[in-house]
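*Asks:* The lines below spell out each chain.
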Amino acid sequence: METENKIWVVVAVLTTILVGIGIYLFNLDRKLTKMERKMKEEKK
Amino acid sequence: MTLASEIKALFTKDLKLELRQKYAINSIILYVVSTVFVAYLAYQGDIEARSWNVLFWIILLFAAVNAATKSFVQERPARHLYYFWLSSPQAIIMAKMFYNMLLMLLLAGITYVVFLLFLGNFIVGHLLFLTALIFGALGFASTLTMVSAIASRSDNNFSLMAILSFPLMLPFLLSLIKLSNLALSQSHFNLLAWQLLSIVVGLNLIVIILSFILFPYLWKE
Amino acid sequence: MFNLKYILRNFWKPLSILLLVYAIVAGFSISIPDTNIGDTLRNVFYHVGMWFALLALMTSSFIHSIRYLSKGQMIDDSKANEGVLVGLFFGILGIITGMIWATFTWGVPWTNDPHLNGAAVSLLVYFAYQVLRSAVPDAEKKARVAAVYNIFAYIILLVFVGILPRLSTNTLHPGSADGNPAFGDMDAQMRLVFYPAILGWILLALWILNLRNRARKIESDLQEKEME
Chain A
1 METENKIWVV
11 VAVLTTILVG
21 IGIYLFNLDR
31 KLTKMERKMK
41 EEKK
Chain B
45 MTLASEIKAL
55 FTKDLKLELR
65 QKYAINSIIL
75 YVVSTVFVAY
85 LAYQGDIEAR
95 SWNVLFWIIL
105 LFAAVNAATK
115 SFVQERPARH
125 LYYFWLSSPQ
135 AIIMAKMFYN
145 MLLMLLLAGI
155 TYVVFLLFLG
165 NFIVGHLLFL
175 TALIFGALGF
185 ASTLTMVSAI
195 ASRSDNNFSL
205 MAILSFPLML
215 PFLLSLIKLS
225 NLALSQSHFN
235 LLAWQLLSIV
245 VGLNLIVIIL
255 SFILFPYLWK
265 E
Chain C
266 MFNLKYILRN
276 FWKPLSILLL
286 VYAIVAGFSI
296 SIPDTNIGDT
306 LRNVFYHVGM
316 WFALLALMTS
326 SFIHSIRYLS
336 KGQMIDDSKA
346 NEGVLVGLFF
356 GILGIITGMI
366 WATFTWGVPW
376 TNDPHLNGAA
386 VSLLVYFAYQ
396 VLRSAVPDAE
406 KKARVAAVYN
416 IFAYIILLVF
426 VGILPRLSTN
436 TLHPGSADGN
446 PAFGDMDAQM
456 RLVFYPAILG
466 WILLALWILN
476 LRNRARKIES
486 DLQEKEME
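If you read the protein sequences in the order shown, they are chains A, B and C.
The numbering of the first sequence is the working numbering, which starts it at 1 and goes up by one.
The numbering of the second sequence is the working numbering, which starts it at 45 and goes up by one.
The numbering of the third sequence is the working numbering, which starts it at 266 and goes up by one.
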């Protein structure tokens, strides 16, 4: 099929979006971890 | 006092109050007769079986919601406090539930008779239809009693009653409409009828058991 | 930061992205059975994932509601609420993606199908849950009443997702005949993509829930500090 080599472009776009969301969530996660640590230290 | 005697005492109290005032029964009869009469005038005797069936359950549902609202929502908080000191929460919810079951059975019976009188008879299997009606009325009663208890804990509980109860009633209502649709064309209990009946009865049992367990959490201030 | 405990507690978060990348790459490249809906069958890897994510979130919310009632800690109520909020988000995505798919396969976005109506009603119950929460001002009373209603809501969700669709004979969704509403007639190769995809969506949803719970916790801790 000649369409088969072009579907990879779509796959690449979707993968990029997904990895982007993953990195975004990961950063959010780290930020929350930092805040949690700060709260814990202030409590002491 | 044991739980059973407490339930019995509360149940007879509700029943006596009702028999003295006759408020709920009269308002239910009036509601059902007037809505069916409006439908009778609007359809001019030209109603088909499917709409007959749907109309039946919708009128019954609204009448049931109206009647069940009385059980907790319309009672004054002072009376709640009085119950609270008097008896255990399990006894209160069970007494209310049994009372509402009686009320709903009566309501279902009235609706059935009034429908047959005004809008004609479309039912082939009366036994199947009445079975659906009885278990449906019991299911309506238990669900609406619990929702009424939940809604009475909030601020604007009248509008909340409708919002909270309709999605919870839908599995009952859908099964019952399907079941009575069967009764409009056949009189024997086939596999589908048994399946639908067991959904209605099973859900009803789950609601009763959950209410018994969960009502004490609602009740404490 | 990179000790064993930290890794063990958090490895599932990037795993969700890894699984979903696999689901996209494999989902687009494998050959699928030749059915009358053509390539749109590949939607099953993504659209159905929304519903499994919803189910996982509502289950988590249900468990936290029970925990609130038995232990009485406000953190459990907040977790239950967040679970419903994220679940509604995935549910709405599921409805929208379902409508897009249905427009191409059935010609209309909405049909009178028990799956669709069940999904809509389940979402209605959880919207009612949100209305109930906003109608009770006192925090502890709200938590108790909401927890009770949430337990009923979960039962309704299970009935609509698990029981009613299996009974109906006129569904357009595949797989009703063998009694399994979600995975219809998939071949072995599709299943090899489907299960990891579902797991990926569930983990992603739980990650988002985890982030929201922690943000809410920090928020309430800060409020407590201001009060002092």
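What the hints contain is simulated information worked out from the structure, not anything from laboratory work.
Mixed in with the good hints there might be a few duds.
What the simulated footprint calls covered on chain C by chain B, stretch by stretch (three residues with Cβ under 8 Å from a Cβ of chain B suffice, anywhere in the stretch; the number is not a length) [stated by the list, open to error]:
#	stretch
1	389-398
2	402-415
3	421-430
Taking lysine-lysine pairs in the DSS-like style, the calculated list, with each CA pair at most 27 Å apart, reads [unchecked claim]:
#	chain 1	residue 1	chain 2	residue 2
4	A	LYS31	C	LYS406
5	B	LYS114	B	LYS52
6	C	LYS482	B	LYS114
7	C	LYS406	A	LYS44
Even for Gly, the Cβ is constructed at its ideal location relative to N, Cα and C.
*Asks:* Determine for every hint whether it applies to the structure shown.
*Replies:* Evaluated hints:
Figure legend: the stretch 389-398 of chain C, annotated as covered by chain B; annotation consistent (5 residues with Cβ-Cβ distances under 8 Å, at least 3 required). Using a Cβ-Cβ cut-off of 8 Å, 7 residues of the stretch 402-415 of chain C lie near chain B, which meets the minimum of three, so the contact claim holds. With 5 residues carrying a beta carbon less than 8 Å from a beta carbon of chain B, the stretch 421-430 of chain C meets the three-residue requirement, and the given coverage holds. For the suggested pair A/LYS31 and C/LYS406, the alpha carbons sit about 33 Å apart, so the restraint of at most 27 Å is broken.
Restraint check: the Cα-Cα separation between B/LYS114 and B/LYS52 comes to about 19 Å, which is no more than 27 Å; the hinted pair holds. For the hint pairing C/LYS482 with B/LYS114, the CA-to-CA distance comes to about 40 Å; that exceeds 27 Å, so the pair is violated. Distance hint between C/LYS406 and A/LYS44 is unfulfilled; the C-alpha atoms sit about 32 Å from each other, more than 27 Å.
In summary, the structure is inconsistent with hints 4, 6 and 7 from the numbered list given earlier, while agreeing with the others.
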